[in-house]
Amino acid sequence: MAAANPKEYSDIELVNRCRNGDEMAFSQLVQRYQRKVYTIALGMVKNPDDAMDIAQEGFVKVHRYIGNFQGSSSFYTWLYRIVVNLCIDHLRKNGRYASDEYDERTHNREGGQGRGVLSSNLGNNPSANLGRKELAAYLQRAIEDLPPYHRAVILMREIEGMSYSDMADTLNISKGTVMSRLHHARQKLQAALQLYLEGDLSVD
Amino acid sequence: MKQDEKILAQYYDGELNERKSAEVKKQLDSSHEGALALENMTKISQLFQVLHEQSQESTSFEGFDKRVINAIRSQKTPVPFSEKLRVWATEFFAHRKLVWIPAASVAGAACVAVLAVGLQNSKQMIPTMPDRTDSSTWQASGTTDSIVSTVAVTAPSEMNVEEFSLETDNGQRIAVVWIDE
Chain Z
6 MAAANPKEYS DIELVNRCRN GDEMAFSQLV QRYQRKVYTI ALGMVKNPDD AMDIAQEGFV
66 KVHRYIGNFQ GSSSFYTWLY RIVVNLCIDH LRKNGRYASD EYDERTHNRE GGQGRGVLSS
126 NLGNNPSANL GRKELAAYLQ RAIEDLPPYH RAVILMREIE GMSYSDMADT LNISKGTVMS
186 RLHHARQKLQ AALQLYLEGD LSVD
Chain R
-4 MKQDEKILAQ YYDGELNERK SAEVKKQLDS SHEGALALEN MTKISQLFQV LHEQSQESTS
56 FEGFDKRVIN AIRSQKTPVP FSEKLRVWAT EFFAHRKLVW IPAASVAGAA CVAVLAVGLQ
116 NSKQMIPTMP DRTDSSTWQA SGTTDSIVST VAVTAPSEMN VEEFSLETDN GQRIAVVWID
176 E
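Residue numbers (this note's numbering), protein chains in the order written: chain Z, 6 to 209; chain R, -4 to 176.
Derived by calculation from the structure, the hints in this document are not laboratory data.
Certain hints may be false.
[Claimed, not checked] DEER-style ranges, computed between Cβ atoms:
1) 16/R - 150/Z: 29 to 35 Å
2) 66/R - 203/Z: 44 to 50 Å
3) 21/R - 58/Z: 48 to 54 Å
[What the hints assert, rightly or not] Here are some chain Z residues pointing at chain R (derived, C-beta under 8 Å):
4) 32
5) 35
6) 39
7) 44
8) 51
9) 52
10) 53
11) 71
12) 73
13) 74
14) 79
15) 140
16) 146
17) 168
18) 169
19) 188
[Unchecked claim] As a list, the in silico DSBU-like pairs of lysine-lysine whose alpha-carbon atoms are at most 30 Å apart:
20) 1/R - 15/R
21) 51/Z - 38/R
22) 66/Z - 98/Z
23) 180/Z - 1/R
24) 1/R - 21/R
25) 98/Z - 61/R
26) 180/Z - 38/R
27) 41/Z - 98/Z
28) 66/Z - 61/R
29) 41/Z - 66/Z
30) 79/R - 180/Z
31) 1/R - 38/R
32) 79/R - 66/Z
33) 51/Z - 180/Z
34) 38/R - 138/Z
35) 41/Z - 38/R
36) 98/Z - 51/Z
37) 41/Z - 180/Z
38) 38/R - 15/R
39) 51/Z - 66/Z
40) 61/R - 38/R
Note that the Cβ used here is the ideal one computed from N, Cα and C, for glycine as well.
Use the sequences and the hints to build the structure in full.
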């Protein structure tokens, strides 16, 4: 006999059950979003242990303040907002936080010139073969060089596939700001991975 | 950000409507630069997927939900009211445009006006000082619902004081302080 599938509740149904003290409902929410939350946190703070701690803290906060969730946005944008803010707090505490303004100045001064992290690491052998995993590691380094808010939008877009509107809602910014940050993030990543993008680099 | 870059990014991210998207697609057929920019965005996206897969492969979430529940149980201290208020306010403001401010101001002003009118009316509801020389029983007029309508005066009719007592129909005594202007 096939096991009956547990009922698939919507986020808001689970949230309402959590408000009534249903622990199982909260567990379902955690299971539904744990990977996504962890991925965002890992992209933001890099360290897997820190990312796992932030994911846990994010869910604890969600449980603590679930009574305040007003349902005017989707549950996951609320959850992501909590997690992104925790990541930014974490970066700030660890002195790895640079403001967007500082970053814009740096970017303008450098003008996005050069051949990026790949060039500086491969030196005189730009036609070296790289594995996709190795290349992804370079991407990770390039992401780390982005300011946190740029990092957040590019991760939400590329990993979660979030719409501009959802990102704006999550970060409490306008859609125009989302587009601007996304554009700058992409420009910087493209500059960092120029060798790969220009085809000077073969990938296994 | 240039206009064409902005449109191209929106096209790539699926943020354009069908008509606009078809227009951009048509333009890309004849724009080498645009096609290259699109290809670069695609390549970056592919790398993100590799990065994502790697992080997922090496991470186990077994028992993560239980860890979270245990962490919640260990933090049983109640949330301070100020913190609750702060979170509530953050949520409240995060999803409401500033248009609510004038709306709330108008609503607030309306409430104040209603209260002021109510207060004014309640002042008018205070019964007028009856003529104490005519009768020992006064019919109070203009009283509010909470004040008995008929009272028997026990003070002498010629009294000239501003504080006296009344006896209601059911024998209850009420102290009255009259401020006669």
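Okay, the hints, checked on the actual structure:
1. The beta-carbon spacing between residue 16/R and residue 150/Z, approximately 32 Å, falls within the hinted interval of 29 to 35 Å.
2. Look at residue 66/R against residue 203/Z: about 47 Å separates their beta carbons, and that is inside 44 to 50 Å.
3. Separated by about 49 Å at the C-beta atoms, residue 21/R and residue 58/Z satisfy the suggested range of 48 to 54 Å.
4. For residue 32/Z, the shortest C-beta to C-beta distance to chain R is roughly 4 Å, which falls under 8 Å, so the interface hint holds.
5. Among the interface hints, the one on residue 35/Z holds; its C-beta lies about 4 Å from the nearest C-beta in chain R, closer than the 8 Å criterion.
6. Hint status for residue 39/Z relative to chain R: holds, with the closest Cβ pair at about 5 Å, below 8 Å.
7. Using the Cβ-Cβ criterion of 8 Å, the hint placing residue 44/Z at the interface with chain R is satisfied: the shortest such distance is roughly 6 Å.
8. Proximity of residue 51/Z to chain R is violated relative to the hint, the smallest CB-CB distance being about 10 Å (cut-off 8 Å).
9. With a least beta-carbon distance of about 12 Å to chain R, the hint placing residue 52/Z at the interface is violated under the 8 Å criterion.
10. A cut of 8 Å between beta carbons decides the hint on residue 53/Z: the least distance to chain R is about 7 Å, and the hint holds.
11. Hint status for residue 71/Z relative to chain R: violated, with the closest Cβ pair at about 10 Å, above 8 Å.
12. The criterion of a C-beta within 8 Å of any C-beta in chain R is met by residue 73/Z, whose closest approach is roughly 5 Å, and the hint holds.
13. With a cut of 8 Å, the hint placing residue 74/Z at the interface with chain R holds, because the nearest CB-to-CB distance is about 7 Å.
14. The beta carbon of residue 79/Z is not positioned within 8 Å of any beta carbon in chain R (closest approach about 11 Å), and the interface hint is therefore violated.
15. For residue 140/Z, the interface hint holds, the least distance from its beta-carbon to any beta-carbon of chain R being 6 Å, beneath 8 Å.
16. Restraint check, residue 146/Z versus chain R: the minimum CB separation of about 11 Å is more than 8 Å; hint violated.
17. With its C-beta approaching chain R no nearer than about 7 Å, residue 168/Z sits inside the 8 Å limit, and its interface hint holds.
18. At about 6 Å, the closest approach between the beta carbon of residue 169/Z and any beta carbon in chain R falls short of 8 Å, and the interface hint on this residue holds.
19. Interface hint at residue 188/Z: satisfied, since its Cβ lies 5 Å from the closest Cβ of chain R, which is below the 8 Å cut-off.
20. The straight-line distance between the Cα atoms of residue 1/R and residue 15/R is roughly 13 Å, inside the 30 Å bound, and the hint therefore holds.
21. For the proposed pair residue 51/Z and residue 38/R, the alpha carbon gap of about 22 Å is at most 30 Å, so the pair holds.
22. Distance hint between residue 66/Z and residue 98/Z is fulfilled; the C-alpha atoms sit about 19 Å from each other, no more than 30 Å.
23. Between residue 180/Z and residue 1/R the CA atoms are separated by roughly 12 Å; this keeps the pair inside 30 Å, and the hint holds.
24. At most 30 Å may separate the alpha-carbon atoms for a hinted pair to count; residue 1/R and residue 21/R meet this at roughly 17 Å.
25. Simply put, residue 98/Z and residue 61/R have alpha-carbon atoms about 28 Å apart, close enough for the 30 Å limit, and the pair holds.
26. Under the criterion of a C-alpha separation no larger than 30 Å, the hint pairing residue 180/Z with residue 38/R is consistent with the structure, at around 24 Å.
27. A distance of roughly 23 Å separates the Cα atoms of residue 41/Z and residue 98/Z; the hinted pair therefore holds under the 30 Å criterion.
28. At roughly 15 Å between alpha-carbon atoms, residue 66/Z and residue 61/R fall within 30 Å of each other, so this suggested pair holds.
29. Annotation: proposed proximity of residue 41/Z to residue 66/Z holds, straight-line Cα distance about 16 Å (limit 30 Å).
30. Distance check on the hinted pair: residue 79/R and residue 180/Z sit about 28 Å apart at the alpha-carbon level, within 30 Å; holds.
31. With a CA separation close to 18 Å, the supplied pair residue 1/R and residue 38/R stays within the 30 Å bound.
32. Between the alpha carbons of residue 79/R and residue 66/Z the distance comes to roughly 11 Å, so the proposed pair stays at or under 30 Å and holds.
33. Of the pairs offered as hints, the one joining residue 51/Z and residue 180/Z holds, with about 26 Å between alpha carbons and a cut-off of 30 Å not exceeded.
34. Restraint check: the Cα-Cα separation between residue 38/R and residue 138/Z comes to about 14 Å, which is no more than 30 Å; the hinted pair holds.
35. Distance hint between residue 41/Z and residue 38/R is fulfilled; the C-alpha atoms sit about 22 Å from each other, no more than 30 Å.
36. Distance hint between residue 98/Z and residue 51/Z is fulfilled; the C-alpha atoms sit about 15 Å from each other, no more than 30 Å.
37. A C-alpha spacing of about 22 Å is found between residue 41/Z and residue 180/Z, which places the hinted pair at or below 30 Å, so the restraint holds.
38. For the proposed pair residue 38/R and residue 15/R, the alpha carbon gap of about 24 Å is at most 30 Å, so the pair holds.
39. A C-alpha spacing of about 21 Å is found between residue 51/Z and residue 66/Z, which places the hinted pair at or below 30 Å, so the restraint holds.
40. Restraint check for residue 61/R and residue 38/R: not satisfied, since their Cα atoms lie roughly 38 Å apart, outside the 30 Å limit.
In terms of the numbered hints stated before, the structure departs from hints 8, 9, 11, 14, 16 and 40, listed from lowest to highest.
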